[in-house]
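J.: Model the full structure from these sequences, guided by the hints.
Protein chains: 2
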Amino acid sequence: MEYKSAVISIGNELLIGKTINGNMGFLGSELAAMGFPVDVCEMINDERDAILESITRCWEKYDVVITTGGLGPTEDDITRNVIADFFGKKLQFDDEVWEHITKMFKHRRTKMADSNKVQAMIPEDFTVLRNDRGTAPGLYYSEGGKHFFALPGVPAEMTHLFNFHLREILKDNFDDISGMVQQDLHTFGVSESGLAEMISEKELPEGAHLAWLPQTGRVDLRIYGSDMEALKAAREVVVRKAGEFIWAIDAESPAAVLLDWLKERKLKLAIAESCTGGWVQKHITAVPGSSEAYLGGVVSYSNESKMKLLGVKESTLAEHGAVSSETVLEMARGVKELFDADISIAVTGVAGPDGGTEVNPVGTVYFGFRVGDKSFEAKQISSGGRDRIRHRAAEAAILFLYNFLMDE
Amino acid sequence: MEYKSAVISIGNELLIGKTINGNMGFLGSELAAMGFPVDVCEMINDERDAILESITRCWEKYDVVITTGGLGPTEDDITRNVIADFFGKKLQFDDEVWEHITKMFKHRRTKMADSNKVQAMIPEDFTVLRNDRGTAPGLYYSEGGKHFFALPGVPAEMTHLFNFHLREILKDNFDDISGMVQQDLHTFGVSESGLAEMISEKELPEGAHLAWLPQTGRVDLRIYGSDMEALKAAREVVVRKAGEFIWAIDAESPAAVLLDWLKERKLKLAIAESCTGGWVQKHITAVPGSSEAYLGGVVSYSNESKMKLLGVKESTLAEHGAVSSETVLEMARGVKELFDADISIAVTGVAGPDGGTEVNPVGTVYFGFRVGDKSFEAKQISSGGRDRIRHRAAEAAILFLYNFLMDE
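As you go down the protein sequences, you meet chains A and B in turn. Straight run, no breaks: the first sequence in this note's numbering ends on number 408. Straight run, no breaks: the second sequence in this note's numbering ends on number 408.
These are computed hints drawn from the structure, not numbers from a lab. Don't take each hint at face value.
Stated by the list, open to error - In the BS3-like style, the derived pairs of lysine-lysine whose C-alpha atoms are separated by at most 25 Å in a straight line are: (1) Lys171/A / Lys4/A; (2) Lys103/A / Lys379/B; (3) Lys61/B / Lys61/A; (4) Lys106/B / Lys379/A; (5) Lys308/B / Lys268/A; (6) Lys379/B / Lys106/A.
Unchecked claim - Computed list of chain A residues with no C-beta within reach of chain B, every gap over 10 Å: (7) Ala84; (8) Glu143; (9) Glu201; (10) Ser226; (11) Glu252; (12) Leu267; (13) Arg386.
Idealized CB from N, CA, C, for every residue including glycine.
T.: Take a look at the structure:
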């Protein structure tokens with residue numbers, strides 16, 4: 001059986017655009033994997049009527065309903081009260097929860113506020129989901145085969161409660177779930193419509209579905225369904241049709257794939273960045289254990305630092321400019337020597353909004369690579385704003401190198 | 001008058017957690033500022049019934065309804081058809097749109113797919129919102145004083161259509177809108193409940209509202225409402241109560257504030273990072289024109305690079321370790337000299353999941369600063385995973401320095 005779930009994200013900050021709803025990203029992927037795919041996510045204000053209306057609609061329609069947000073200590077946190085009213089339960093002060101909150105504050109060596117007392121008010125017949133990451137406990141209630149969870153909105157606390165309580169509770173209560181299986185085939189160098197031209201869901205075996213998931217600068221092909229055999233057959237079809245663009249299957253990130261490859265060969269990497277200003281290195285160092293294959297790098301934002309640290313020649317900068325394939329190749333060579341690395345990446349470009357020229361309009365980025373004593377280069381032109389141009393370039397730097405290493 | 005709007009975010013990728021709904025962030029903040037605050041955002045699957053149900057509910061209740069997503073060329077993009085059916089309009093092939101799509105492909109030098117033809121199908125009586133960033137045109141329809149917009153899901157295209165079409169259309173159609181005014185007072189060094197203890201919405205003048213917006217490692221206080229005078233008075237109350245923790249008002253980012261301060265004084269910055277691995281520099285270089293005050297920096301991930309590039313003494317590393325205030329101060333001194341900067345930041349710590357010790361458990365981060373010939377340091381202990389620890393440290397590095405400069 002497959003069950004459906006609904007997520008209600010509560011909080012003014014989500015609707016006025018101050019906070020991006022990252023919680024939904026986590027819940028969506030975890031619940032789908034567990035066999036309770038999210039069918040709807042309603043983002044609403046901390047307003048009594050809105051919360052009541054949303055819970056009423058979802059509780060009627062879905063097997064699992066999860067709210068996030070509105071459990072904090074401030075006066076706009078009203079989720080707890082509305083839930084109690086909806087289920088017709090009284091709020092009761094819970095000594096054990098209060099003791100836990102007191103301990104949390106002691107541990108953090110922060111002064112506790114009186115307002116935190118409301119966080120110990122629990123609707124009767126509800127189960128408290130102990131929160132070891134913060135002061136707002138989660139709340140759980142079950143009735144007529146349906147399951148209701150209220151979780152705090154702070155991402156670290158929400159994921160903690162999901163992992164330590166919800167998984168267990170859902171598994172214990174549904175013994176006939178058949179989790180969705182899914183596989184992501186990551187592509188690079190082809191557009192969404194290009195892929196749609198190559199392959200269609202109609203060509204896949206029955207029971208296998210296909211989704212095109214555009215990332216920044218690349219597209220993932222997701223195959224999903226509950227029949228493992230259909231999925232395997234579907235993967236073969238997709239690989240046959242679009243294999244030349246697929247660089248990995250179910251990878252955590254381009255950086256993780258590259259680092260695994262380097263670690264296996266005990267090779268060391270160094271990076272020099274200009275326009276991406278640290279973003280490529282942020283990707284690399286986001287991977288736990290990256291220090292085994294990553295030595296470090298330089299953000300050479302000024303021409304002086306390109307010359308002094310990386311040994312880019314003054315004549316190269318004068319003749320070709322800082323944004324050129326000549327400069328980026330010297331940067332790659334220089335940073336490899338500086339860190340005594342085996343392989344290096346270098347990036348330079350025009351992220352805008354200013355600085356564009358006829359030769360190098362805003363969005364032009366040059367990539368230089370040095371692998372042993374071989375050099376190669378790549379160029380990318382992106383549209384969009386500064387953030388998008390940098391984001392695309394930061395991942396492309398890693399994928400250009402990885403594809404080159406695979407081809408060799 | 002204030003009007004209310006609804007956003008319907010369409011796409012399986014949003015519900016299976018593959019894509020975070022960043023579009024809602026943009027629309028939420030822009031629409032609130034224009035006087036059409038978003039009252040609900042429904043995230044739903046690319047399914048006929050779900051889309052129909054959602055549009056029916058929102059079109060009845062709200063003045064402005066915006067859908068995003070499902071206008072692409074692939075077979076799961078059905079928004080266009082469902083909209084045509086809901087409003088009882090036939091789809092017609094639009095030659096002008098087709099010509100525009102053809103041009104876009106030529107410009108990109110990409111092979112056009114036949115599937116793109118569906119993107120030129122427009123419901124009769126709808127206005128085409130020309131898309132200069134992609135192949136999916138936006139769609140606009142108005143009836144009975146209500147306004148319906150269908151926008152593509154790709155963020156760059158969505159924001160482009162919003163800025164170039166929606167703003168104008170909404171302004172032309174509502175001459176009595178009174179935009180929400182809002183002001184963000186950014187705090188650092190105090191918790192959400194700490195702030196809730198200091199100040200409550202009840203203490204503010206009527207017409208002014210208060211929201212606590214937790215960021216990663218800091219909290220913003222937002223004052224909002226439609227009465228400018230009430231807002232000014234409210235700001236005075238908030239500054240009187242929590243002024244010591246406020247580092248800026250309506251700032252773009254900590255990095256932008258620091259860079260402005262440096263530029264005014266013609267001072268130059270350099271940065272050395274270990275555990276944050278480029279993230280501090282990514283923040284700094286995200287600001288357009290940062291090169292005026294930012295020279296560059298080093299990601300010294302290995303001990304060798306800390307010694308060789310930054311001049312950290314072997315004895316310091318041996319005696320105190322790479323994660324210590326002694327090392328971080330030498331890193332700060334070293335990177336300042338290396339780049340011949342006026343001011344420097346250095347960061348070292350344990351981002352986890354491994355590498356924690358009794359003295360420095362996972363989450364411990366040391367910050368070193370060098371301002372002229374003065375040094376100072378700071379330390380932060382964060383809970384949560386690798387990503388959260390690095391994220392908190394990257395912004396804290398900038399804010400510790402900025403607060404120090406303000407105090408001097």
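J.: For each hint, tell me whether it holds in the structure or not.
T.: Hints, one by one, checked against the model:
1. Lys171/A / Lys4/A: Distance of about 14 Å is within 25 Å: holds.
2. Lys103/A / Lys379/B: Roughly 23 Å separates the two Cα atoms, so the pair holds.
3. Lys61/B / Lys61/A: Holds: Lys61/B and Lys61/A sit about 21 Å apart, inside 25 Å.
4. Lys106/B / Lys379/A: holds, 19 Å
5. Lys308/B / Lys268/A: holds, 17 Å
6. Lys379/B / Lys106/A: holds, 19 Å
7. Ala84: holds, 21 Å
8. Glu143: holds, 25 Å
9. Glu201: violated, 6 Å
10. Ser226: For Ser226/A, whose nearest Cβ neighbour in chain B is about 14 Å away, the distance exceeds 10 Å, so it holds.
11. Glu252: holds, 12 Å
12. Leu267: Given that every Cβ of chain B is farther than 10 Å from that of Leu267/A, nearest at about 14 Å, it holds.
13. Arg386: violated, 6 Å
In the structure shown, a violation is registered for the earlier hints numbered 9, 13, in ascending order.
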